[in-house]
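Engineer: Letter by letter, the chains look like this.
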Amino acid sequence: MARGRIAAPSPLPGFGLTLGFTTFFLSAVILLPLAALVIRAFGIPPAELLGLLADERAVASYRLSFGAAALAAGINAVFGFIVAWSLVRYEFPGRRLLDAMIDLPFALPTAVSGIALATVFSPTGWLGGKLALAGVQVAYTRLGVVVALVLIGLPFVVRSVQPALLEVHRDLEDAAESLGAGGLQVFRRIILPTVLPALATGFTLAFARGIGEYGSIVFISGNLPFETEITPLLIVVRLEQYDYAGAAALGFFMLAVSFVMLLAINAVQGWGQRRLGLVAVR
Amino acid sequence: MTAGPGVRTGSRPMTRGARVTRVALLAVSIAFLGLLLLAPLGAVLIQALAKGVGGWFAGVTEPDTVAAIKLTLLTAAIVVPVNTLFGICAAWAIARFEFRGKSLLVTLIDLPLAISPVIAGLVLVFLFGAQGWFGGWLLDRGVQVIFAVPGIVLATIIISFPYVARELIPLMQQQGSDEEIAALSLGARPWTTFVRITLPKIRWGLLYGVILCNARVMGEFGAVSVISGHIRGVTNTMPLQVEILYNEYDFVAAFAVASLLAMLAILTLVAKTLVEMRSRTAGH
Numbered sequence: 001m002a003r004g005r006i007a008a009p010s011p012l013p014g015f016g017l018t019l020g021f022t023t024f025f026l027s028a029v030i031l032l033p034l035a036a037l038v039i040r041a042f043g044i045p046p047a048e049l050l051g052l053l054a055d056e057r058a059v060a061s062y063r064l065s066f067g068a069a070a071l072a073a074g075i076n077a078v079f080g081f082i083v084a085w086s087l088v089r090y091e092f093p094g095r096r097l098l099d100a101m102i103d104l105p106f107a108l109p110t111a112v113s114g115i116a117l118a119t120v121f122s123p124t125g126w127l128g129g130k131l132a133l134a135g136v137q138v139a140y141t142r143l144g145v146v147v148a149l150v151l152i153g154l155p156f157v158v159r160s161v162q163p164a165l166l167e168v169h170r171d172l173e174d175a176a177e178s179l180g181a182g183g184l185q186v187f188r189r190i191i192l193p194t195v196l197p198a199l200a201t202g203f204t205l206a207f208a209r210g211i212g213e214y215g216s217i218v219f220i221s222g223n224l225p226f227e228t229e230i231t232p233l234l235i236v237v238r239l240e241q242y243d244y245a246g247a248a249a250l251g252f253f254m255l256a257v258s259f260v261m262l263l264a265i266n267a268v269q270g271w272g273q274r275r276l277g278l279v280a281v282r
Numbered sequence: 001m002t003a004g005p006g007v008r009t010g011s012r013p014m015t016r017g018a019r020v021t022r023v024a025l026l027a028v029s030i031a032f033l034g035l036l037l038l039a040p041l042g043a044v045l046i047q048a049l050a051k052g053v054g055g056w057f058a059g060v061t062e063p064d065t066v067a068a069i070k071l072t073l074l075t076a077a078i079v080v081p082v083n084t085l086f087g088i089c090a091a092w093a094i095a096r097f098e099f100r101g102k103s104l105l106v107t108l109i110d111l112p113l114a115i116s117p118v119i120a121g122l123v124l125v126f127l128f129g130a131q132g133w134f135g136g137w138l139l140d141r142g143v144q145v146i147f148a149v150p151g152i153v154l155a156t157i158i159i160s161f162p163y164v165a166r167e168l169i170p171l172m173q174q175q176g177s178d179e180e181i182a183a184l185s186l187g188a189r190p191w192t193t194f195v196r197i198t199l200p201k202i203r204w205g206l207l208y209g210v211i212l213c214n215a216r217v218m219g220e221f222g223a224v225s226v227i228s229g230h231i232r233g234v235t236n237t238m239p240l241q242v243e244i245l246y247n248e249y250d251f252v253a254a255f256a257v258a259s260l261l262a263m264l265a266i267l268t269l270v271a272k273t274l275v276e277m278r279s280r281t282a283g284h
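Listed in order, the protein sequences are those of chains S and Y. So in the numbering used here, the last spot in the first sequence is 282, and the numbers never skip. So in the numbering used here, the last spot in the second sequence is 284, and the numbers never skip.
Same shape as in the complex, but just chain Y (with noise of 0.2 Å):
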């Protein structure tokens, strides 16, 4: 914890009412986090236990729920890796340089998180369906992106890509470049000093945001259900295939399949807390 102006170095009795008005504030915060974040949490699991762990294992091991959950491993397999090379060459370039219309590049790095996820399946239709800029041309080829992987896929990295680059160009801008430079001066190779100096400063900010960029991608919904055209067992990822279930009554199934993702957010969130630890004993 860092002392900043708001951390009392010492302590002072509370009056009467502060203790009044910090049981009652306490209850309120706590009554809506319990209302909004574990009702829907602890939903999710009670209805994916419904019938026991043998119903909650047929679930998840139903073919068409295996092929989408190796569907979403597969997206996941090509979009982290895409976005993560992106995420880096981006940070380079912006928190190392100055240059012209930089300001600009950042603000299309943030357009995705202000954009529908409808609108990255939308464009997307424009671009390759069968009257698109290049879809027509691609079918003739034999190439099919809407309703298909290849359209998942690009549909996914819109939705995800700014989210390795956001979280290194702050760390890499605050960390600044002496440390390069003095490698570079002493003979240091461009390559060399980027993997022995640049990435072991900043591991557990791309950890993070190789982590944060994962769980959007596992989880996409909206980008994905306009392009996908639900055909299961093929195009259905995981949060499509919680969808398809919900839809035809069967919570049992829908809910396990849920549960993965929600056993995935929270793995997220524990990462999340022990980068920052670390970062945080790193840094000090």
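Just chain S, same shape as in the assembly (with noise of 0.2 Å):
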């Protein structure tokens, strides 16, 4: 078995087999591909990429991808937190299904949430029709991105904070009740420390997911540029011009943009485990 410096010594067949075809596919598969895209976006003069990638129409569509994964991923926050504190907290009928459906949005194909969100939303639409005789319209606005990034985003903050409301010290809850703390005191000072990682965990998660979603949204946000267009649209519309140097350039700052993510992530992770390391040595 060639097992050369870079593995410690196991016992077990197979490494050298299975980390050539796993290094093999990943360079093929994500790679080449994604070297592909940045040394296309390098190709252009940088002054010229400058101009494409602060393009108004570019920065507009920024705005809106940023603003609303943002505000869908705080909403996400609130109510995702409630929601994993219902499943986990109380009994009631219906508690396993509930907990099933959390993760509809994952199995569910962006384009059929799309297609049911612009018709659940529409003017004439179920809940649309009701919003709309009190003057709010969702679909074909900025709110539509917003609600569809809501619902792709609930999973990533529910799962994240399921857990580790699992944690939380109930015999603290009831000595800070026994010693006069109210609700509220118990909320802020024992279950939010506990929490907050992991709801910081999936806030990022549902942003990061946000900023790349396209499926769900184009359907509900009606497409027009400087109002409703968000980034990877925009991508979409500079390859269907042919204009391959703007799409290099946007797809390269969202690569760019999702590298910055995963680090965010593994950051906010490696707070959390630090802090909770913390926690449990008091």
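Rather than coming from a laboratory, the hints here were simulated on the basis of the structure. By construction, the Cβ of each residue, glycine as well, lies at the ideal position given by its N, Cα and C atoms. Among the hints, erroneous ones may be present.
[Said to hold, decoys possible] Here are a few chain S residues that face chain Y, going by a calculated C-beta distance under 8 Å:
| hint | residue |
| --- | --- |
| 1 | Ala8 |
| 2 | Pro11 |
| 3 | Pro13 |
| 4 | Ile30 |
| 5 | Arg40 |
| 6 | Leu71 |
| 7 | Leu104 |
| 8 | Ala107 |
| 9 | Ser113 |
| 10 | Leu179 |
| 11 | Phe219 |
| 12 | Ser258 |
Hints given; two lone chains; assemble the complex.
Structural biologist: In structure tokens form, the structure reads like this:
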């Protein structure tokens, strides 16, 4: 068995074969294609690349993509926490069904979520009609983008917070209550500190997913340049116009953002582990 | 249910304030999930059956739709086995051995989950498009990747390959390899050891990973949308067919195809729940 110095000794077979195949597969399927994008983007003269990235229409799309993703992740941090709390702390009929349903946005194809949301929230739709009476239009506005991203991001927050809520020491809650702490005080001093890292992880995951989301948004957003056009859609538009330089520039930017988000997710998780480690030592 | 610190062993009567909080939070949760999850799902079913079962059936048996269903099944039949093989190999290397660059490898596996599906389609245009790295060479030899089935398959592989690996890696790390080492030291061959020892240990996790991967493959929209060229009856997968029918205001047909995909999603969730129950009883 060829096992050089790159690996610690092990009695198990198949290291060379499986690592070789894994490395080959990853190189062919993800590294090479991403390299093609990066090299294409660096082939553009720097001044032109900056011009493409700072283009007014592109900047408007970043504002919408990042703003809507942040707002949706924030909404999910609040409501996802309440949902996770209800699922972990309360017994009620249909709890298991509701718990299984949380993963629906993962499992449902984004195009299906997209046309379904557009139908429900269109001015003639079931919910959209009621909201229109109140003067709120969701479909074909920026609000529609936020609604789609709330749907897409929900499982990330709930599934991050659920295990953390199970770790909250209820003895501490009982002790605090018996010493006269109110419900809000218990929440702020005991529950929130324990759950905060998980909540931050869920927020970051939902935000990262929201920036790149495409399928569920394009049906409900109206896709008006400068108004309701997200960055991934602008990439598709540039491609359809055969503006490969424009598409490469935006694609490169989105890729760089994804890397930053991966680092951010790792940092948040590391912070959470250190923090919980400290809590346990005390 | 495992008894973590959050599970109360003795029950204590709730105070009035706690009861009010409970009712309020439950109401908020159910209203939120109802609006966000049930309303869209209900809308799909209601719209799909707006012209009765006959209208639904006519929608899903339209020739272009049948071609889209076939293409989606073909794509899944290629992509899911490839990703399963990759997932098992990657998990074996990562969970069973210590080597340099492991965390980089894990990050690379997670990468498709962090990038926009549109990027997955875009990179293939730069590789295989007419002006791409290999596009011209392949076109000269009569091989079309972009706007054809190979492109759809490749784009789908890019966005769906992490799922099996991500299920298996933590599972295999947690299980350890004592049993495999015992079998090998007793003279079992590597392949026999894998089939008789490892595979039975990981089968539920593997099954769930495959189901999740399949759901992602059949439902992928963004990446495939960039690469497919939307040629009716030729390069349209089911999600793209949904888009075309919807944009042509053929709502019954669009939602009929969407209802098939929604059923796939619900089956995926049912399978997930069953596998979780199964692995919980098997683990204790």
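Engineer: Would you pick out the hints that fail for this structure and give their numbers low to high?
Structural biologist: Hints 6, 10 are the ones this structure does not satisfy, whereas the remaining hints hold.
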